[in-house]
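Using the sequences and the hints, build the whole thing.
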Amino acid sequence: MHIVVCVKQIPNPEAAFSMLKVDEQAKKVVPAAGLQLLMSPFDEQALEAALRIRESAGQAKITAVSVGPDSARNTLKHALAMGADEAVLVSDAALEDCGSEAAALALSHAIRQLDAVDLVLTGRQAADWDAGIAGCGIAELLDLAVITFARKLELAGTTLRVERVLADGFETLETELPALVTVSNELGEPRKPSLRETMRAARKPLAVRSAADIGLTATDIESVATRRVRERLYVPLKSGVCELMAGIDEAAQAAALAHALREARLI
Amino acid sequence: MADTAILIVAELRDGAASPLTRDLLGLARELNAGGAVAAVLLARSSAAAADLIAHGADRVYFCEVAEDEYEGEVWLSSVEHLARTIAPRAVLVGHTPAGADLGPRLAFRLNTAVATGCVGAAVESGKLTFTRPCYGGNVRETISFASAPAIATIKAGVGSAQADAGRRGEIVPLIPREVQRRTRVIARERDASDGKRLEDAKVVVAGGRGLDGPEGFRVLEDLARVLGAAVGSSRVPCDLGWVPHSWQIGLTGRTVTPDLYFAVGISGAGHHMAGCGNAKTIVAINTDPEAAIFKDARFGIVGDYRKVVPALIAALKTT
Chain A
652 MHIVVCVKQI PNPEAAFSML KVDEQAKKVV PAAGLQLLMS PFDEQALEAA
702 LRIRESAGQA KITAVSVGPD SARNTLKHAL AMGADEAVLV SDAALEDCGS
752 EAAALALSHA IRQLDAVDLV LTGRQAADWD AGIAGCGIAE LLDLAVITFA
802 RKLELAGTTL RVERVLADGF ETLETELPAL VTVSNELGEP RKPSLRETMR
852 AARKPLAVRS AADIGLTATD IESVATRRVR ERLYVPLKSG VCELMAGIDE
902 AAQAAALAHA LREARLI
Chain B
2 MADTAILIVA ELRDGAASPL TRDLLGLARE LNAGGAVAAV LLARSSAAAA
52 DLIAHGADRV YFCEVAEDEY EGEVWLSSVE HLARTIAPRA VLVGHTPAGA
102 DLGPRLAFRL NTAVATGCVG AAVESGKLTF TRPCYGGNVR ETISFASAPA
152 IATIKAGVGS AQADAGRRGE IVPLIPREVQ RRTRVIARER DASDGKRLED
202 AKVVVAGGRG LDGPEGFRVL EDLARVLGAA VGSSRVPCDL GWVPHSWQIG
252 LTGRTVTPDL YFAVGISGAG HHMAGCGNAK TIVAINTDPE AAIFKDARFG
302 IVGDYRKVVP ALIAALKTT
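Chains as they are written, first to last, in this note's numbering: chain A, 652 to 918; chain B, 2 to 320.
Hints were generated in silico from the structure; no laboratory data involved.
Note that CB positions come from ideal geometry on N, CA and C, so glycine has one too.
Any given hint might turn out to be false.
[Claimed, not checked] In silico lysine to aspartate or glutamate, EDC-like type, Cα no more than 16 Å apart, as pairs: (1) A:K672 to A:D779; (2) B:K128 to A:E882; (3) B:K296 to A:E894; (4) B:K308 to A:D900; (5) B:K281 to B:D201; (6) A:K678 to A:D748; (7) A:K803 to B:E190; (8) A:K678 to A:D779; (9) A:K679 to A:E882; (10) B:K308 to B:D223; (11) A:K855 to A:D736; (12) A:K678 to A:E882; (13) B:K203 to B:D260; (14) A:K889 to B:E291; (15) B:K318 to B:E222; (16) A:K803 to B:D240.
[Unchecked claim] Here are some chain B residues pointing at chain A (derived, C-beta under 7 Å): (17) T184; (18) D192; (19) F300; (20) A316.
[To be verified] To list a few chain B residues with every Cβ distance to chain A over 10 Å, as calculated: (21) A37; (22) A48; (23) R85.
Next up, the structure:
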């Protein structure tokens, strides 16, 4: 059993938004110096799902794969510390800010080079661009069965049973391996690395590959990355005009609110 | 015939076109002024086709399938084939559990790209552009396409449905594609909901971390009863198990566009606002006067909901 988990390094999504600067000219988001770079939380949940499958199956090899800058080694070390066995970083100037479609292309090429992959897991979306494209893209490029927005995964032999989140409930699907599943936050909290695993992680293999190593040229990447054009990037303006209800106590404020809502014909 | 239609992938609810599907038809008519609007309907019967035509479809491609619910492999193969045949300039789907699955997969099959979770769409110098929230709803990016078709998954509140029972259109049968089924649905479970459907409600009352526990939502339910409102939640109460996950409004939850939205004990983080930012009027009740929600709200009370909400219920009951 070989499970691949795709992980992405992003600026800490819980940090104050003031730690990010939006460069409207360059159409880029620039994290402030000192802003922590972390594994996207949905990817941590994908890795958690892989670890749970390994626990119930008895054994499985877990490989974490990432596309990112050299600093993304830290995110892969975190994956190893959580319990992944091996890690692969695809790092190349041609892939910098390349967008979800090209990232999916690179990840699919990296996964193709790995031994007999049974299951690929990704987060439902990365918590920076919130696109939710790469997982589906990897599946289509590798011609894998795909199930999105999983909240629970169970393996019985080579049959994978997945609970998929719907707007007002969930559906249960089955598929034979190999397959790709994108994992949603409903899966639950990912584990924290233990001290023992963190120590062991230092000795686990972490390979770094260039685009050429995985069989991609800059032109291959560009032809996919340029399909979508970012025309503008900006921080939306907020009206900022909130009428606060005056009153000596809650009853008076509530009465003022009820009056204001009636005046505005909102109720 | 060169066809520069905009193609909508219809979703049904209780056998009729979903409200979001109707909105998308209205949006497509607006974006494709003078051009054709087509819809593809994958369902057990073509009963909803007339409704799709009334809301703006010139042509409805009807593909008879075993059930009305979304099945990825079945829908994808037919929509992919249709898109190759009619070469639309854009394919628009709702940003629903179905559309968010179909849109990206279709993009890769057609060697194009996709804009997901869009909250805006326009035509700029003849080019279709789509605006979507990112970075937890704090930033917006506007996207255009250098490849065709443009594919976008669109949230509620972007287009508006325009019904005209006198509109004419044609229904074109589409033969379902043979498809190798690799995933199968075993069961579906819907939450039993005695209240209103969040997406349909004109008034929504939502609670957040500031409620301090599940009992806070009982207070909100009392308010909702008085207002005829639906009750929702930000993400934290769902993750903490105070309320079901299906109550979650936000980037990774549901999108609501009511006339009136009460945010109670909700700080107003971007990822929550991504699900309710298109509400016409937001009312904020929060103990923290610095909470970001007051920047989005039109009316606000700085105070403890335990006192404010019962007082508000009393004030609403007196006429």
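Checklist entry - For which of the previously enumerated hints does the structure constitute a violation, in increasing order of number? => result none
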